Each structure stands twice: as structure tokens, then as C-alpha cells.
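Asker: So you can see what is in the structure, the chains are spelled out below.
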Amino acid sequence: MSKGAYMGRFIAVAGAAALVLTGCAGGAQETGSTTDGGTTTEGEVTLEFSQWWEPELPAGAFRALMDQFEAENPGITVELLSGPYASTKEQVVAGAAAGTMSDVVGLDGAWVSDFAQQGAIADLTAVMADVGYDDSELASQVQVDGATYMIPVVNFVYPMFTNDALLDAAGVAAPPTTRSEFADAAAAITEGDAYGWILPLSLEAPNGIQNDVMSWVWASGGSMLDGGQPALVDNADVSSATEFIQGLWDDGVIAPGAFTMKEQDKVEEFTNGRVGMMIDSLAHVNLIRESNPDLEFSISAIPADDGYDGERGIPYASWGIGVAENSEHKAEAFKLVEFLMSESVNSELSSIANAFPGNVGSVPDFVEQDEVFGTAFEIYQSGFPANEFTGLPVAEQLMRDFGEEFQRSLDGQQSMQDALAAAQAKWEREF
Amino acid sequence: MSQTTRPPRDALAVRPPAPARDVGARARSISRLKRRLTPYGFLTPTGVLLVILMITPIVMVVTYSLLDGVITNQNPAFVGFDNYVEVLTNPVFFTAVRNTLVFTISSVVVHFAIGLGFALMLNSPLLGNRTKGLFRVLYILPWLFTVAIVAVLWRLLLNPNGVVNYLLGAFGVTDGQTEWLASTSTALAAVTFINIWSGYPFFMISLLAGLQGIPRELYEAARVDGAGAWSQFLHVTIPQLRPIIISMALLDFIWTTQQFALIWMTTGGGPITSTEMLSTFTYKLAFTRYDFSLASASAVLVLLMSMVLAFFYVRHQKSRD
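Just so you know, the protein sequences line up as chains P and D, in that order. Number 432 marks the last residue of the first sequence (my numbering); no jumps. Number 304 marks the last residue of the second sequence (my numbering); no jumps.
If you are wondering where the hints come from, they were derived from the structure by calculation, not from laboratory data. There's no promise every hint is true.
[Stated by the list, open to error] Among chain D residues calculated to face chain P with C-beta under 10 Å, some are:
#, residue
1, N56
2, P254
3, T263
4, T271
[Unchecked claim] Ranges of calculated distance between the beta carbons of each label pair, as one might list FRET restraints:
#, chain 1, residue 1, chain 2, residue 2, range
5, D, A131, P, S416, 34 to 40 Å
6, D, M248, P, S416, 29 to 35 Å
7, D, R81, P, G84, 51 to 57 Å
8, D, R81, P, S416, 39 to 45 Å
Just so you know, these numbers come straight off a predicted model, no measurement behind them. Here a beta-carbon is modelled for each residue, glycine too, at the ideal position from N, C-alpha and C.
All chains, please: the whole structure from these sequences, using the hints.
Answerer: Here it is, written out as C-alpha cells:
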């Protein structure tokens, strides 16, 4: 046999062996390390912390906070696993399924119920009791079956933005405070070159149902739930809010393209001065200012039903935090949670994130420095944060289910009452 | 008295002191064994990769489809074909099948028509080489964009305030207010159009290569027989291109049925369910309802449908060989 033939056989056999061995080695490594996201080396604990916050903050700002935590807690190192929101969500879902979740995870309220049912995230009520933590300084906690699974670290509220110039041109003296005033203002703006309001109802990212539709219910003190169960039918609050939006739609004051519009499209249309009013996250204030420095806009509370004078709910989204059930370092992981929720750190984090704090004693510095944020903080404090989707099972699917039926109604395929009944039936199946 | 007992045969056999003949036989048998195993050695890497990358995931998905609440439930129960029944009794599944067929068949037919038209133009002796080069670059451009770029580009162009509406309004073709992607009456047509725009160059390039391989003698013979341009096209060009056309059409059909990113990034399957495809339907089951069992059942159904197409493709390729 020629030397070349021997060499060929050797390469083939070695290749096969290498593949098999690599597979085996990979499996062994995985088995050994994945029961716990963090690692321990000679008394040193490394905590993995997966979140989408770091990329959304000024460069290096979040790492600096982690460095501060490490300095205050010798022996604990934090490894940040950062990515965009969508990929973090996929990573967390996959980690929950495979039991490889990071020790500390950034959470959205919409995920909590599913992860809690799955047993992927730890019962923080028990952890807090174990370490003797006083939770009275927490502004809110997301609970499932009476146990806390997520703590909102900072909150992004969704007030109403109004384009001052368009309102002036339409003869509207001040941002509307009631639904009637809002409808009149929207009609007046639409008579000009812009649309009165913008409503993103994309089914790809159906959070418009939460922020732009249900916010009308919460702003008037209403609820879409009754005892934690869906209550869309025979609910005067939900009926009046959805009928109100249907009226705006029929009047043609809502910007076109709503059925596939996403949140970023909404912000872009408002920034370009093509719509007079929108409900949006306070987190976009800087983006709007950078994109269109000449745009003058105001922030106000979402208009309530005529005659309503109670406290107004204001929708919000949170950067929440939780601890993985499979973490072997729950006590250390909770130290990180405690650190982020402490008054001074929470003030700092909410300041750099342009968000409202999760600690009742924290005050972000932008509130005093910026009029828009100051106004928003007043609205936030005078009302109550409202987001009934937080903690519900398959929250995103509930929004999509509602969105489909709502679109059918706006499209004239069914009445709004039929839409609510159909959405209720779908929600009941999910619950 | 003597008794003679015949010793066992083996005991009598006196083994020769390892004669050179036996050593040689053993070496030959080892060599034969090696020769026999060598092909398997070469095949092993491919085999291992096939098992890891193809067979294992497919077996896992099929297994998941027979369990209830897999992944999210730590102890999923065996439910037989219940998940298949649930998927097949969901009216949205059939809407997705119908939309997928409309989207796919329209895309493949128009890909072929445009691809062939442009390939004929680029192969025409009526155009100079520079002109052909310019059009070749222009025509192939859509193929160079990734799906994400295509989606963003057309979302902007088809925006109610976008360029398309402006131009159509300016020329009086429409009122300039059409919600191309956001209206139930136009969304499916709009995403199909985008898919056609981004996919025809693949057909064009393949058909152009086929056209350039048709012997000139065939056209000369046809002309001698009195065939005009149309007859030459029908009786020379098309028969010569038929193997490429069939292969391309089957491949395009399989790929287009699996289109997900474009739909997801332009309409998300909406408005309502007007652009819901099998791919988006399955994705939503998995990643918004976290029902991986139902999603697996849906994926297995899609796999079976794709296998029918793949069967015809393989049969066609075999018949060519």
C-alpha cells in the first residue's frame, strides 16, 4: 500500500475519532457546568447576569456599577451577558428550558408568569426572608400566586406626548385632559396636514395593545381583569375605551398604516411632525430631541373618561430583575439585586436610564434638571403605575389575540362587542 | 491386551512453528479487513454530522410533537397525536396553508417569468456587451440584499407616506393613501411582490447560464426549417431549458414555502391573519405561546409537505442522471 493511501486512511480514522471525541468532550463540559450559570473558584463566586440594559445605557455606565458592586463585595465577580432585548428574551427562554439560565436575569413583566410556572426563576419572597431583606423600600413587586418573582428595578412610563406647534396650529390651547377634548383636538389637527393620533397595532410586536389601547382603560381607573381573570365582556371601562378608539378610527384621525405599525414607526412619525399626539415611553425623549431638535413637545397624563376625577393609571414597562432557580449562589445573586435596589444606586441607575426608580426613596437627578422629565415625574407620582399584562401567562400572546380581534373590528369585519367577546374566549383558553 | 485409543484429531495436529504461509494469511486477512473498513472510516465524519445535525433534531421534534407541554413542563406526558389534531382543527392553520400556497405559487411563477425575460434580454445579440454588463448588475442587485435590508427598504417604500404612494398619487394611478402592508386587501399581494422582487435574480442567473449553453446549431437548423423567433423559442429554447426550469421551480417552491424572515419583519403575519404563513404560525406557537409541543406538531406537518416536494425534486434529478 502506498504511503499516500496509509495517510488517507489515517486522516479518515483520525477525523472520525476527533469528531466523536469532540462531541463527547463537549457533552462532558456542558454537563459539568450548566447546572449553574455562575462558577466558583477557590472561594471566588462569578455571577452571570444576562440583561438587555447595558447596550441601552451610556457606554461603560452599567459596567461601572458592577465594578462598584464587586468592590463592595469582595469575592463576587459579575459577568455581564448583554444583548438587545429580543435576543436576551430568546436567551432567557432557551436558558429556562435547558436549565442553563444565568444566576441573575433581566426580566420583562410579560415573561414572569411563564418562567415562574416553569420553575425557572426563584421565589424571591423566600430568598428575601432567608437573607432578612426589608422589602418596604421596593416600589413594586411582580408576584405569581402570592410569591414575588420579579422586582422592577427601573420603570419607563408611557405618558401622552403632544406636538406643541401642531396643537397651536389647530387652535388647541392645551393638551387634552379628557377623551372628548382628545377627540376634538385630534379632529382639529387632522384638518391640517397631520394626523391627530397614532396607534401601532403590529402583530409582530403587539405591545401597542398594552401601551396604546389598554392605557385608555387604566387612565380612567378601569381594569381588564376581574379577580385576576379576563373581564373584557360586560366591562363598561373596556367597552367605553375601545368604542372611543373605534370612533377615532371611523373619524379618520388615526394615522394610516396602524395594522402593521410598530412602536419605532410611531416615534418616527411623531418626531417628523406628521402626528399631533401619541402615547409613548419616556425613554424616547432623548431620541426625539436628537432626531428633531426643533420639535417642541409636551408631556401630559393620558386623557381620562369625561367626568372621571380619580387617580389615573399610567402604563409602564420595567427593567425587572430575578434570580435563576438553578443558581447555586442565590444569596450572592440576591446581594446584586439588593445593591441595584439600594436608594443611591437605584437613583444613579434611573438617572442614566432616564427612567423612574424602583426604590421608593430614590430620586433621579434629571427630574430637577429637565422640565419634561419633571412633569412626567409629577404625573407618575400623582397617579399609579398600571400594567395589567405584567405577570399574566403568555402575556404577549394575550396582546396578539386581542390585537387580531381589535383589528377585525376596526376593519369593519365585526362589532367591537363581538371583538371583545372573541378576545375574551381566546384569553380564557390561555388562562 | 492393548487398547488403542485414537487421540482427538486436534491433539494430533502438530502446529507447525508458525510457518510463513499462516503469517502471510493473517496479514492478508487484516489487510482485507482494513480495506473493508476504510470506506466506513471516510464516511464516519459525514455520518456523525448527519446524525448530530439532521437526524437528532428531527427525531427530537417528532418526539416533542407527541408530548404535552414539552420544554416548559418538566414532566411532559405522552399524548399521541393530540397535538396534530389540535393543529389541524385550528382554522388559522388552514388560513396559513392557503396564504403559503398563494404566496409560493405566485412567487415561483413570476420569478420564472421575470427571470426568463431578463435572461433572454441579457443573452440577446441585439444588446452590446457594455449595456448587458450594466443591466446584469442592475438586475442582480435585489439578490445582494439580505432579507432584513429588503424588509426595511420595502417597509419604508410602501409606508402610507412613502415613495410608492407619492409616485402613484402624483401620476394619478391611486389616491396616494394606500396602506399596502397594513390593509387586509393588499398585504398578501404586497409581501408576495417584495418576495418576487428579491428572488427573481436567482432564476435569471440560472436561466442565463442555461441559455448560454444551448448550441447555436440548433437555432440554425430551426431557421433552415423555416422556424420564426417564436417557434425557435417554443421548440428550441424551452425544451433545452426544461431541466433547469423544473429544478429551479422545485427548489424555489421549497424555499419559498419556508420564507419566514421577510413576512415576520414586514407584517408579522397580519393584518389580522391576511399574511399568516405556515412559518409564522409555527413560530408564534413556539415563541409567543411557548407551546413547543404544538409548534413541533406544526413543524412536522410542514416537514411532511416539504418532503413531498423534495421527493419530486430528487426523482427529477435522478431521471436527469
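Asker: All hints, please: hold or fail.
Answerer: Verification of the hints:
1. N56: holds (8 Å)
2. P254: Since chain P brings a Cβ to about 4 Å from P254(D), closer than 10 Å, the hint holds.
3. T263: Because about 9 Å separates T263(D) from the closest Cβ in chain P, which is inside the 10 Å limit, the hint holds.
4. T271: With Cβ-Cβ at 5 Å, under 10 Å, it holds.
5. A131(D) - S416(P): 34 to 40 Å: The hinted range 34 to 40 Å holds for A131(D) and S416(P), with Cβ atoms some 39 Å apart.
6. M248(D) - S416(P): 29 to 35 Å: Given range 29 to 35 Å: holds, Cβ gap about 32 Å.
7. R81(D) - G84(P): 51 to 57 Å: violated (37 Å)
8. R81(D) - S416(P): 39 to 45 Å: violated (26 Å)
Hint violations for this structure: numbers 7 and 8, all remaining hints satisfied.
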